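Enquirer: Let the sequences and hints guide you as you build the complete structure.
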Amino acid sequence: MSHIDLSWPPLLTAALFSAFLQPLFLFVLARLPGLVGHNAAQFVISAVLVLITFGASVIVSMPQPGAVFFPQLAIGLMALACGLILGLQAWGLLSRGYTIAILLTLLEASRPLTERDIINRYRKGEGLEWIMRHRMSGLVAAGLVTRNENNLALTPILGKFVSRFTRMMVIVLGLRRTG
Amino acid sequence: MIFQSIVLGFAAFAGYLLAILVLLRAVPDRTVRIVVLAAIAFVPLSITVLILSGLRANLWCFAVSYCFFTLCFLLAFGAIYTSISLRILMDLLRMPAHSIAIDTIVSDYLIEDSFQDRLATIQKNGIANRVGAKFDLTPNGRTLVKWISFVQRLFNITKSG
Numbered sequence: 001m002s003h004i005d006l007s008w009p010p011l012l013t014a015a016l017f018s019a020f021l022q023p024l025f026l027f028v029l030a031r032l033p034g035l036v037g038h039n040a041a042q043f044v045i046s047a048v049l050v051l052i053t054f055g056a057s058v059i060v061s062m063p064q065p066g067a068v069f070f071p072q073l074a075i076g077l078m079a080l081a082c083g084l085i086l087g088l089q090a091w092g093l094l095s096r097g098y099t100i101a102i103l104l105t106l107l108e109a110s111r112p113l114t115e116r117d118i119i120n121r122y123r124k125g126e127g128l129e130w131i132m133r134h135r136m137s138g139l140v141a142a143g144l145v146t147r148n149e150n151n152l153a154l155t156p157i158l159g160k161f162v163s164r165f166t167r168m169m170v171i172v173l174g175l176r177r178t179g
Numbered sequence: 001m002i003f004q005s006i007v008l009g010f011a012a013f014a015g016y017l018l019a020i021l022v023l024l025r026a027v028p029d030r031t032v033r034i035v036v037l038a039a040i041a042f043v044p045l046s047i048t049v050l051i052l053s054g055l056r057a058n059l060w061c062f063a064v065s066y067c068f069f070t071l072c073f074l075l076a077f078g079a080i081y082t083s084i085s086l087r088i089l090m091d092l093l094r095m096p097a098h099s100i101a102i103d104t105i106v107s108d109y110l111i112e113d114s115f116q117d118r119l120a121t122i123q124k125n126g127i128a129n130r131v132g133a134k135f136d137l138t139p140n141g142r143t144l145v146k147w148i149s150f151v152q153r154l155f156n157i158t159k160s161g
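Residue numbers (my numbering), protein chains in the order written: chain A, 1 to 179; chain B, 1 to 161.
Keep in mind the hints are simulated off the structure, nothing from the lab.
Keeping only pairs whose Cα atoms sit at most 35 Å apart, straight-line, the calculated DSBU-like set for lysine-lysine is: (1) Lys160/A x Lys159/B; (2) Lys146/B x Lys124/B; (3) Lys124/B x Lys124/A; (4) Lys124/A x Lys159/B.
One side of the interface only, derived from the structure: several residues of chain A facing chain B at Cβ under 10 Å: (5) Leu12; (6) Thr114; (7) Arg123.
Note that the coordinates shown come from a computational prediction; the quantities given were computed from them, not determined experimentally.
Glycine is no exception: its CB is placed at the ideal position from the N, C-alpha and C atoms.
Expert: This is the structure:
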């Protein structure tokens with residue numbers, strides 16, 4: 001096993017330390033008056049703070065100017081990205097999870113619910129249609145679809161490109177169903 | 001050494017990708033389980049291959065590189081597999097003039113398809129039961145959802161969905 005090097009890369013500690021601070025940043029940001037309820041903004045700001053912390057850790061831990069070379073920095077950034085991706089997945093599930101919202105509806109009811117009850121009580125009474133309004137407004141804001149009265153249409157360039165790319169990925173992955 | 005470890009980590013990821021492309025076609029009913037379990041199984045497997053191959057590498061850099069590429073893939077995979085928004089876009093592509101009535105999306109996809117899929121998933125995983133026409137959380141499901149609710153309160157997330 002002598003060909004396997006077990007030495008700990010110096011910037012890995014800085015990356016892990018910075019990534020572990022993200023929940024703390026989110027805990028504080030979620031309570032700031034202007035950011036309450038804005039879960040996406042909270043995550044983006046926390047990710048920026050994590051990057052700043054990592055940058056500061058790199059500068060502080062650098063023994064001499066120019067001592068940090070690119071491959072080490074790349075490993076540090078990759079480790080940091082791993083932490084941010086895991087954080088994004090967890091944050092996305094907690095703040096945007098469709099299934100989680102159904103489960104919370106059942107928990108809050110404290111009694112068995114019919115399908116219609118779940119649909120009506122979804123998201124504390126906003127109803128299941130809320131999710132469609134929310135996703136559609138997101139697609140419109142991203143320039144992927146346009147909305148004309150009661151119709152939704154793909155935008156000719158961006159919308160068609162993203163939908164064709166997604167369809168291609170579904171075929172490549174061999175998925176039978178999505179969404 | 002670090003650069004070589006990054007390349008070997010990417011090679012391990014490429015092996016994982018190839019394996020799931022085959023597995024997803026062979027066992028199409030267990031999509032998520034296959035993708036996640038294969039990602040975990042490839043960690044010890046690729047380290048064993050690395051040791052046996054005699055190639056020089058830093059173990060931690062190799063692991064970070066593999067995890068990075070795999071997590072990027074899982075992020076994209078999760079978006080494609082579960083996203084309602086991407087599903088709407090793909091369905092629009094199939095429609096004449098790439099246009100569809102919003103009412104159709106709500107009734108056909110959201111209520112009939114996506115919602116039923118979620119209800120089936122939570123039953124299959126033992127989180128909720130269906131008794132007659134009604135759904136209720138199982139004891140294990142209730143404990144799990146209480147934990148989720150606790151974490152949401154911790155981070156001041158008032159609503160999800």
